[in-house]
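Novice: One-letter residues, chain by chain:
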Amino acid sequence: MRAAIVVFPGSNRDGDVARALRLAGAEVVKVWHADTELPAGTDLAVLPGGFSYGDYLRCGAIAGRAAAMDAVRAHAARGGLVLGICNGFQILCESGLLPGVLMRNVNRRFICHRQLLRVERDDTRFTSAYAKGQVIDVCVAHGEGNYFADPETLARIEGEGRVAFRYCDESGELTVDANRNGSLNSIAGIFSEKRNVLGLMPHPENFVEGLVGGIDGRGLFASLAA
Amino acid sequence: MKARIIVTLKTGVLDPQGKAIESALKSFGIQDVGSVRQGKVFDIEVEGSDRAAAEATLKTACEKLLANTVVENYAIEIA
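Chains as they are written, first to last, in the numbering used here: chain G, 1 to 226; chain P, 1001 to 1079.
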């Protein structure tokens, strides 16, 4: 597994995701946003969390149109894997690689806490190390994670089984309390049509070592490196 | 040529910031405020004097970057 992490001005979780990928056995290189190509042999392109371009205009709007994103788009079109975490998910939506948009949290607060997620499918390149329906303990840290799509788009995403993770409680129930940012259908992450692109708001890369409080994020990187 | 672009949220799209401003205004005693929706204004200088060309340029700017048409509408005003 060869992963290329695209770094934008204002990305700040590139180091954490690089560490999580290396722990899982991946080879990691970083790519600057102005680069027009991904390194040869890239299997996975990663858009890390952070505040690209200071979240100016809209979160992910400017990064979504960066030169490196043309390379990421071409990589995805070839069937290559793309992972966007937090700001990376916002960038994927803004770049058109994933449908919908991430709006201001419904409670108007920057939320930063541990978060339980329900794994919606275990037959993808991103989630094979988890079990369908498994509840995993990771965390969220965002101000704009409120997933929104028009009713037709939402119906299509649901109909095609493209929801990867949903915010849930301990028993896997999708409660209002568990969905603090107000996302439609408690959506925490979605796949592209061919399931080679995943965007999610929570941070699995935070929880890959027991020392920092949890290891439930490992499954995502283990799936990718498998 | 001076132009102004106004970007607003589409009807039905939740606007937590607008809601917060609305309740703040009410709490300041400005009671006749019905509802508030927050938007963005861009003042742009366009080169040249061809209005149709300027409008086409600004439309491209809106579609490519200034508005996210999933949730936002835009209006172009050329002075």
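Hints in this document: simulated from the structure, not taken from any laboratory.
For each residue, glycine too, the CB sits at the ideal point set by N, CA and C.
It is possible that part of the hints are untrue.
Unchecked claim - Estimated spans, in silico, between C-beta atoms of each pair: (1) P:ASP1032 with G:GLY79: 18 to 24 angstroms; (2) G:ARG156 with P:GLU1055: 41 to 47 angstroms; (3) G:GLU170 with P:ASP1032: 29 to 35 angstroms; (4) G:GLU170 with P:ARG1004: 49 to 55 angstroms; (5) G:ALA67 with P:LEU1025: 41 to 47 angstroms.
Stated by the list, open to error - Facing chain P, a subset of chain G residues (Cβ under 7 angstroms, in silico): (6) LEU97; (7) ARG104; (8) ARG108; (9) ARG109; (10) ILE111.
Novice: Taking the hints in turn, state whether each one holds.
Specialist: To see whether the hints hold, each was checked on the structure:
As the Cβ distance of ASP1032 (chain P) to GLY79 (chain G) is approximately 58 angstroms, the hint placing it in 18 to 24 angstroms is violated. Between ARG156 (chain G) and GLU1055 (chain P) the beta carbon distance is about 33 angstroms. The supplied range of 41 to 47 angstroms is therefore violated. For GLU170 (chain G) and ASP1032 (chain P), the Cβ-Cβ distance of about 47 angstroms falls outside the hinted range of 29 to 35 angstroms, so the restraint is violated. Taken as a hint, the range 49 to 55 angstroms holds for the pair GLU170 (chain G) and ARG1004 (chain P), whose Cβ atoms sit roughly 51 angstroms apart.
Range check, ALA67 (chain G) to LEU1025 (chain P): Cβ separation about 43 angstroms, and the 41 to 47 angstroms hint holds. Taking 7 angstroms as the C-beta cut-off, the interface hint given for LEU97 (chain G) is violated, the closest approach to chain P being about 13 angstroms. About 5 angstroms separates the beta-carbon of ARG104 (chain G) from the nearest beta-carbon of chain P, less than 7 angstroms, and the hint is met. The beta carbon of ARG108 (chain G) comes within 5 angstroms of a beta carbon in chain P, closer than 7 angstroms, and the hint placing it at the interface holds.
The interface hint given for ARG109 (chain G) is broken, as the beta carbon of that residue sits about 9 angstroms from the closest beta carbon of chain P, more than 7 angstroms. The interface hint given for ILE111 (chain G) is violated, since its Cβ lies 13 angstroms from the closest Cβ of chain P, which is over the 7 angstroms cut-off.
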